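> Sequence:
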Amino acid sequence: MDASKILNDIIRREGGFVFHPADRGGATNYGITQQTLAEFRGHPVTVNDVRALSEDEARSIYLQRYIQEPGFDQIADAPLLGLVVDCAVNHGPDRAARWLQEAAGVAVDGVVGPVTLAAVNGGDGKALYRKVLARRCRFYGALIARDPRQAAFAAGWAVRLSEFIEETP
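So my numbering is basically just the index in the sequence shown, starting at one, shifted up by 171.
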């Protein structure tokens, strides 16, 4: 696993401090929300704490909470790993794990354990990648249908998705 490449890509995609009124995550920096930062630090944080978040701490949060803890670091296929981690960053590790399990045809429980990993690492990485990416596209459409205010982010999501479409193995 090349965690540094994945982390570089995440940091580049997420950018710096943003506090968009339609963003349900509230203030973010490098894509890290106020809630995620508070959970990581183990105490409440302010918007100014989010603004002051260092890139190094953001990388630590991503590595621990979005790659290692969910078990995604055990995915052998590099393009699939990059996609699943990006899904975890945007949609939560549980949802990313569920999409991966759906694609692999195993029981969907949001836990990437030995059964999921055996199916993923023993399966067709290209097919799994396409299935997860298609599921993600459908999710964005459903999200906007449920909450039209989220359409404010559609252009950014399209750019993000296009990177993964262009990189489809």
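Please note that a few of the clues may not be correct.
[Said to hold, decoys possible] Under the rule of at most 20 Å between Cα atoms (straight-line distance), these lysine to aspartate or glutamate pairs were calculated in the EDC-like manner:
id : residue 1 : residue 2
1  : K176      : E240
2  : K297      : E226
3  : K302      : E273
4  : K302      : D248
5  : K176      : D248
6  : K176      : E228
7  : K297      : E240
8  : K297      : E334
9  : K302      : E338
10 : K297      : E228
11 : K176      : D318
12 : K176      : E273
13 : K302      : D265
14 : K302      : D318
15 : K297      : D173
16 : K176      : E210
17 : K176      : D280
18 : K176      : D220
19 : K176      : E337
20 : K297      : E273
21 : K297      : D227
22 : K302      : E240
23 : K176      : E226
Keep in mind the hints are simulated off the structure, nothing from the lab. A quick note: this is a predicted structure, and the numbers were derived from the prediction, not measured.
> Take the hints in turn and mark each one as holding or not.
Hints versus structure:
| no. | hint | result |
| --- | --- | --- |
| 1 | K176 with E240 | holds (18 Å) |
| 2 | K297 with E226 | violated (32 Å) |
| 3 | K302 with E273 | holds (8 Å) |
| 4 | K302 with D248 | holds (14 Å) |
| 5 | K176 with D248 | holds (14 Å) |
| 6 | K176 with E228 | holds (16 Å) |
| 7 | K297 with E240 | violated (24 Å) |
| 8 | K297 with E334 | holds (16 Å) |
| 9 | K302 with E338 | holds (14 Å) |
| 10 | K297 with E228 | violated (32 Å) |
| 11 | K176 with D318 | violated (33 Å) |
| 12 | K176 with E273 | violated (26 Å) |
| 13 | K302 with D265 | holds (17 Å) |
| 14 | K302 with D318 | violated (24 Å) |
| 15 | K297 with D173 | holds (18 Å) |
| 16 | K176 with E210 | violated (25 Å) |
| 17 | K176 with D280 | violated (28 Å) |
| 18 | K176 with D220 | violated (26 Å) |
| 19 | K176 with E337 | holds (17 Å) |
| 20 | K297 with E273 | holds (15 Å) |
| 21 | K297 with D227 | violated (32 Å) |
| 22 | K302 with E240 | violated (23 Å) |
| 23 | K176 with E226 | holds (14 Å) |
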